[in-house]
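Number of protein chains: 2
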Amino acid sequence: MNATNHQFRLAARPVGMPKRADWNYTEEPVREPADGELLVKVLYLSLDPAMRGWMNEGKSYIPPVGIGEVMRAGGAGRVVSSKHPGFVAGDYVIGHFGVQEYALSDGKDVAKVDPKVAPLPVYLGTLGMPGLTAYFGLLDIGKPNPGDTVVVSGAAGAVGTVVGQIAKLKGCRVVGIAGGADKCRYLVDELGFDAAIDYKSEDVKAALRTHCPKGVDVYFDNVGGDILDAVLTRLARGARIVICGAISQYNNTGPVKGPANYMSLLVNRASMTGMVVFDYAARYGEAAREMAGWMAAGKLKSREDIVEGLETFPDTLLKLFKGENTGKLVLKVAGE
Amino acid sequence: MNATNHQFRLAARPVGMPKRADWNYTEEPVREPADGELLVKVLYLSLDPAMRGWMNEGKSYIPPVGIGEVMRAGGAGRVVSSKHPGFVAGDYVIGHFGVQEYALSDGKDVAKVDPKVAPLPVYLGTLGMPGLTAYFGLLDIGKPNPGDTVVVSGAAGAVGTVVGQIAKLKGCRVVGIAGGADKCRYLVDELGFDAAIDYKSEDVKAALRTHCPKGVDVYFDNVGGDILDAVLTRLARGARIVICGAISQYNNTGPVKGPANYMSLLVNRASMTGMVVFDYAARYGEAAREMAGWMAAGKLKSREDIVEGLETFPDTLLKLFKGENTGKLVLKVAGE
Numbered sequence: 001m002n003a004t005n006h007q008f009r010l011a012a013r014p015v016g017m018p019k020r021a022d023w024n025y026t027e028e029p030v031r032e033p034a035d036g037e038l039l040v041k042v043l044y045l046s047l048d049p050a051m052r053g054w055m056n057e058g059k060s061y062i063p064p065v066g067i068g069e070v071m072r073a074g075g076a077g078r079v080v081s082s083k084h085p086g087f088v089a090g091d092y093v094i095g096h097f098g099v100q101e102y103a104l105s106d107g108k109d110v111a112k113v114d115p116k117v118a119p120l121p122v123y124l125g126t127l128g129m130p131g132l133t134a135y136f137g138l139l140d141i142g143k144p145n146p147g148d149t150v151v152v153s154g155a156a157g158a159v160g161t162v163v164g165q166i167a168k169l170k171g172c173r174v175v176g177i178a179g180g181a182d183k184c185r186y187l188v189d190e191l192g193f194d195a196a197i198d199y200k201s202e203d204v205k206a207a208l209r210t211h212c213p214k215g216v217d218v219y220f221d222n223v224g225g226d227i228l229d230a231v232l233t234r235l236a237r238g239a240r241i242v243i244c245g246a247i248s249q250y251n252n253t254g255p256v257k258g259p260a261n262y263m264s265l266l267v268n269r270a271s272m273t274g275m276v277v278f279d280y281a282a283r284y285g286e287a288a289r290e291m292a293g294w295m296a297a298g299k300l301k302s303r304e305d306i307v308e309g310l311e312t313f314p315d316t317l318l319k320l321f322k323g324e325n326t327g328k329l330v331l332k333v334a335g336e
Numbered sequence: 001m002n003a004t005n006h007q008f009r010l011a012a013r014p015v016g017m018p019k020r021a022d023w024n025y026t027e028e029p030v031r032e033p034a035d036g037e038l039l040v041k042v043l044y045l046s047l048d049p050a051m052r053g054w055m056n057e058g059k060s061y062i063p064p065v066g067i068g069e070v071m072r073a074g075g076a077g078r079v080v081s082s083k084h085p086g087f088v089a090g091d092y093v094i095g096h097f098g099v100q101e102y103a104l105s106d107g108k109d110v111a112k113v114d115p116k117v118a119p120l121p122v123y124l125g126t127l128g129m130p131g132l133t134a135y136f137g138l139l140d141i142g143k144p145n146p147g148d149t150v151v152v153s154g155a156a157g158a159v160g161t162v163v164g165q166i167a168k169l170k171g172c173r174v175v176g177i178a179g180g181a182d183k184c185r186y187l188v189d190e191l192g193f194d195a196a197i198d199y200k201s202e203d204v205k206a207a208l209r210t211h212c213p214k215g216v217d218v219y220f221d222n223v224g225g226d227i228l229d230a231v232l233t234r235l236a237r238g239a240r241i242v243i244c245g246a247i248s249q250y251n252n253t254g255p256v257k258g259p260a261n262y263m264s265l266l267v268n269r270a271s272m273t274g275m276v277v278f279d280y281a282a283r284y285g286e287a288a289r290e291m292a293g294w295m296a297a298g299k300l301k302s303r304e305d306i307v308e309g310l311e312t313f314p315d316t317l318l319k320l321f322k323g324e325n326t327g328k329l330v331l332k333v334a335g336e
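Sequence order for the protein chains is A and B.
All residue numbers for the first sequence refer to the UniProt record's numbering, where the first residue is 1 and numbers rise by one.
All residue numbers for the second sequence refer to the UniProt record's numbering, where the first residue is 1 and numbers rise by one.
Please note that the accuracy of each hint is not assured.
One copy or two, either will do: identical chains are not told apart, so a pair holds if it fits within one copy or between any two.
Said to hold, decoys possible - Computed list of lysine-lysine pairs in BS3-like fashion (alpha-carbon distance at most 30 Å, straight line):
| id | residue 1 | residue 2 |
| --- | --- | --- |
| 1 | 59 | 200 |
| 2 | 214 | 59 |
| 3 | 257 | 200 |
| 4 | 143 | 257 |
If you're looking for bench data, these hints aren't it; they were derived computationally from the structure.
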């Protein structure tokens, strides 16, 4: 092995939207795996809104990425060489490989996947962390009943598309909130949502009145901010709000906008509960099998928005915060 | 019966703190009860933070008081005459009698009480709605486990004092947040709280770090605003926040301050749930009996802050919002 590894390392903690200067693009020779290690050639990287939080100082559900460290990211790749008993060269794997071309790993949290069951990028989206987040957040926290009205924001994203489709499978009325007519059409025409609200061109509160005549039983929130506040005005009695993310607030330079209408929780005896998918690790397999079954049966559709080239990483990441992706945003690092 | 009934009626919807001009003080002759009615001489009125919300226009968990209507209020009184099969003259009763000297009632939601078991004002506080709110909010929503750290705001109020004492009975570490050294001393010295934080003179965040070294498992929130935001920074994993009130926000003329730190719910897999005591009506008796037992055993102390004179109502109500009461604020309308 005589290859060079290129990497994006965190150079500075961003203020607001991450800038090119917040990254260092570095290179170093690829080292052979030591005993117990495997070397992975990264083929695809998962770009997720949560990455913005990992760039901030301070306590969260996971430690921040240190200055100078390779940026944390989930990825899919192929094992190039292995001195780990669980892997051999040629295995396809997913894991937290970081924003780089090659990753050495001790095998912890690395899982083998079968590209004949689904293309590799799907293991970063619908059958990966975003899909599992949707599955456990909706079913375990949102607890939808047949006939419930389920609203999801960031509806055209990697998590939102799965939330809405699972809610439909469970017999719910599903309303998605997304930015732009194309995304809204996709949700209704392709994914079978009952309605979609374009927050960029519609009055969200008025549209919720129209599309949720019996109120909102489950709200799966990926965005926070004004949209969370709008949905709070439409809760049904006993509603469950799943707090999965707050992408509208991640690049704030001022304080986070707290939900001013939170007293609707009292009026409606409703709850707002945070979730982190890592807590469900013991059940990933069960959930992934069920979702793969739905995909095979054509009941769960997956869409990936694939951008090529590791070097585009700083700009491609921003597509998430500009709302430019539909489905799972994936960075293609190398050909298989 | 040849008496005159004096009443406070809502004259205007207040903007900010209710002013004297928002009330009309009216009088009318007392009418004899018709068939199925009883006439109650009001002896004590319950003054509650929730009354501020009832004065606002708009949908809530209960309809607003109409302009020109007698202000809604819970009260305790004596039946003067009755053509209702369930009551006789001389019965002591509690019910929603309104801010007036005499109330006619059809008996709905009127309950007989025994002044030999507890003085009448206690039936408006610890053995009344505030006590029941504390009981169900803490036990059903907060679900404290022995050893948990329970924090309550508005801790020296009618609800807060009961929340803290029940949490102690359940084996929890209890920290109260209240305004002023006297209230804080009362909580620790008289009621047995483990610690109290004076939000008027202390840095609440720093004090929570000191007094809740293992984080906050249950937060019973009566105040909202900055204190809710401070507690959010100290949640333990899986914390439960009970949203019972938001007295700091009730007289805002601008927008409500939403909890900017609400994403702590995600980081800590925590929940925030609203509650309204009326939902537990079927279990009032069971809870009141248990609390009366604790009182008789000296394990639950009740304190009332009694102000005399119906005519003081507009000013006395404001004591709640100025934080001037310790324990249950009661307006004494007439002698027994």
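Outcome of the hint check:
1. 59 / 200: between (33 Å within a copy, 28 Å between copies)
2. 214 / 59: So residue 214 and residue 59 pass the 30 Å test across copies only (15 Å; inside, 39 Å).
3. 257 / 200: both (19 Å within a copy, 25 Å between copies)
4. 143 / 257: Answer is both: 27 Å inside a copy and 29 Å across each meet the 30 Å cutoff.
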